[in-house]
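All chains, please: the whole structure from these sequences, using the hints.
Protein chains: 2
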Amino acid sequence: MSDTAIITALGALAQTHRLAAFRVLVQAGSVGIAAGALADMLGLQPSALSFHLAQLVGAGLIAGRRDGRHLLYTADFGAMTTLVDYLTENCCGGVPCAVETNIQRTLSRT
Amino acid sequence: MSDTAIITALGALAQTHRLAAFRVLVQAGSVGIAAGALADMLGLQPSALSFHLAQLVGAGLIAGRRDGRHLLYTADFGAMTTLVDYLTENCCGGVPCAVETNIQRTLSRT
DNA sequence: CCATCGTTTCAACAATCATTGAAACATGAG
DNA sequence: CTCATGTTTCAATGATTGTTGAAACGATGG
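Same order as they appear, the protein sequences are chains H and Y.
Under the working numbering, the first residue of the first sequence is numbered 2, with each subsequent residue one higher.
Under the working numbering, the first residue of the second sequence is numbered 2, with each subsequent residue one higher.
No wet-lab data here; the hints were simulated from the structure.
Incorrect hints may have been included.
Ranges of calculated distance between the beta carbons of each label pair, as one might list FRET restraints [as the list claims (entries may be wrong)]:
{"#": "1", "chain 1": "Y", "residue 1": "R67", "chain 2": "H", "residue 2": "M2", "range": "33 to 41 Å"}
{"#": "2", "chain 1": "Y", "residue 1": "D4", "chain 2": "H", "residue 2": "G79", "range": "40 to 48 Å"}
{"#": "3", "chain 1": "Y", "residue 1": "R67", "chain 2": "H", "residue 2": "G79", "range": "40 to 48 Å"}
{"#": "4", "chain 1": "H", "residue 1": "G37", "chain 2": "Y", "residue 2": "P47", "range": "45 to 53 Å"}
{"#": "5", "chain 1": "Y", "residue 1": "Q28", "chain 2": "H", "residue 2": "T83", "range": "28 to 36 Å"}
{"#": "6", "chain 1": "H", "residue 1": "A64", "chain 2": "Y", "residue 2": "V25", "range": "41 to 49 Å"}
{"#": "7", "chain 1": "H", "residue 1": "G59", "chain 2": "Y", "residue 2": "Q46", "range": "46 to 54 Å"}
{"#": "8", "chain 1": "Y", "residue 1": "V32", "chain 2": "H", "residue 2": "P47", "range": "22 to 30 Å"}
{"#": "9", "chain 1": "H", "residue 1": "G59", "chain 2": "Y", "residue 2": "S51", "range": "44 to 52 Å"}
{"#": "10", "chain 1": "Y", "residue 1": "V32", "chain 2": "H", "residue 2": "A35", "range": "48 to 56 Å"}
{"#": "11", "chain 1": "Y", "residue 1": "D41", "chain 2": "H", "residue 2": "A35", "range": "26 to 34 Å"}
{"#": "12", "chain 1": "Y", "residue 1": "S51", "chain 2": "H", "residue 2": "S51", "range": "37 to 45 Å"}
{"#": "13", "chain 1": "Y", "residue 1": "A55", "chain 2": "H", "residue 2": "R66", "range": "18 to 26 Å"}
{"#": "14", "chain 1": "Y", "residue 1": "P47", "chain 2": "H", "residue 2": "T5", "range": "22 to 30 Å"}
Covered, in the sense of this in silico footprint (three residues per stretch, anywhere, with C-beta under 8 Å from a C-beta of chain Y), are these stretches of chain H [unchecked claim]:
{"#": "15", "region": "14 to 21"}
{"#": "16", "region": "80 to 87"}
Examples of chain Y residues toward chain H, derived with CB under 10 Å [unchecked claim]:
{"#": "17", "residue": "A10"}
{"#": "18", "residue": "A13"}
{"#": "19", "residue": "A15"}
{"#": "20", "residue": "L20"}
{"#": "21", "residue": "M42"}
{"#": "22", "residue": "L43"}
{"#": "23", "residue": "Q46"}
{"#": "24", "residue": "M81"}
{"#": "25", "residue": "T82"}
{"#": "26", "residue": "Y87"}
Every residue, glycine too, gets a C-beta built ideally from N, C-alpha and C.
As structure tokens, then:
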């Protein structure tokens, strides 16, 4: 993921409706959610949501696939991880640091 | 960190110069870097950098402190972690998932 | 086919953001 | 006190972004 791709991804998430949509999709998992259903959940006009989903797709954060008349959208977890890694890269000057993420905490509960 | 604070933070990072500045500060650690030195590194006019630093401060991602004639800026690691956690919250529907961050990899090298 | 449903595309407008240069402010040196 | 240095503030301009409504597109059922 290039520097400009990171900027695009951050910019895509830096908007109320897009962040909300992304989080819903992250929590929905691989089944995905149809555009219309998302629009209802978020209280957006179809065209407005379509605009925002296009930005998220362009940023590589979500993907859409057709299912009959519906378009199902799903979050791309790989892209999310790449983004997180980029932000924390060389964190604290490369010294192992005290920063602990919630993914890490989840995994430590074995 | 509220939803709007997250948006502010993401928006603050979603810009070439601000992302570059933040990353330099993240890697510089707690000593910090003076505004002028940062402007040189990034090739920005002082006023332009000041504008961007103000946005990062406003987003809580960095802090500035005076040292004589200089203003030293440092990254706020806590804010960074909060941001990362927010993005990955309820990742994969709450099921412990395969997403592994680089912070986590750093810490596992014990 | 034809009508309809779900979704996207487009054009237009308002609002927000980035950049620039000049001026102002704070600090420390002589 | 006065001057130079480091940094910020301000106003103006151009560029980008978000919203809206209407129109178009693709897929399905009758």
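How the hints compare with the structure:
no. : hint                          : result
1   : R67(Y) <-> M2(H): 33 to 41 Å  : holds (37 Å)
2   : D4(Y) <-> G79(H): 40 to 48 Å  : violated (25 Å)
3   : R67(Y) <-> G79(H): 40 to 48 Å : holds (43 Å)
4   : G37(H) <-> P47(Y): 45 to 53 Å : holds (50 Å)
5   : Q28(Y) <-> T83(H): 28 to 36 Å : violated (18 Å)
6   : A64(H) <-> V25(Y): 41 to 49 Å : violated (33 Å)
7   : G59(H) <-> Q46(Y): 46 to 54 Å : violated (31 Å)
8   : V32(Y) <-> P47(H): 22 to 30 Å : violated (51 Å)
9   : G59(H) <-> S51(Y): 44 to 52 Å : violated (31 Å)
10  : V32(Y) <-> A35(H): 48 to 56 Å : holds (51 Å)
11  : D41(Y) <-> A35(H): 26 to 34 Å : violated (51 Å)
12  : S51(Y) <-> S51(H): 37 to 45 Å : holds (38 Å)
13  : A55(Y) <-> R66(H): 18 to 26 Å : violated (42 Å)
14  : P47(Y) <-> T5(H): 22 to 30 Å  : holds (25 Å)
15  : 14 to 21                      : holds (count 5)
16  : 80 to 87                      : holds (count 5)
17  : A10                           : holds (8 Å)
18  : A13                           : holds (8 Å)
19  : A15                           : holds (4 Å)
20  : L20                           : holds (6 Å)
21  : M42                           : violated (15 Å)
22  : L43                           : violated (13 Å)
23  : Q46                           : violated (20 Å)
24  : M81                           : holds (6 Å)
25  : T82                           : holds (5 Å)
26  : Y87                           : holds (8 Å)
Taken one by one, the earlier hints fail for this structure at numbers 2, 5, 6, 7, 8, 9, 11, 13, 21, 22 and 23, listed in ascending order.
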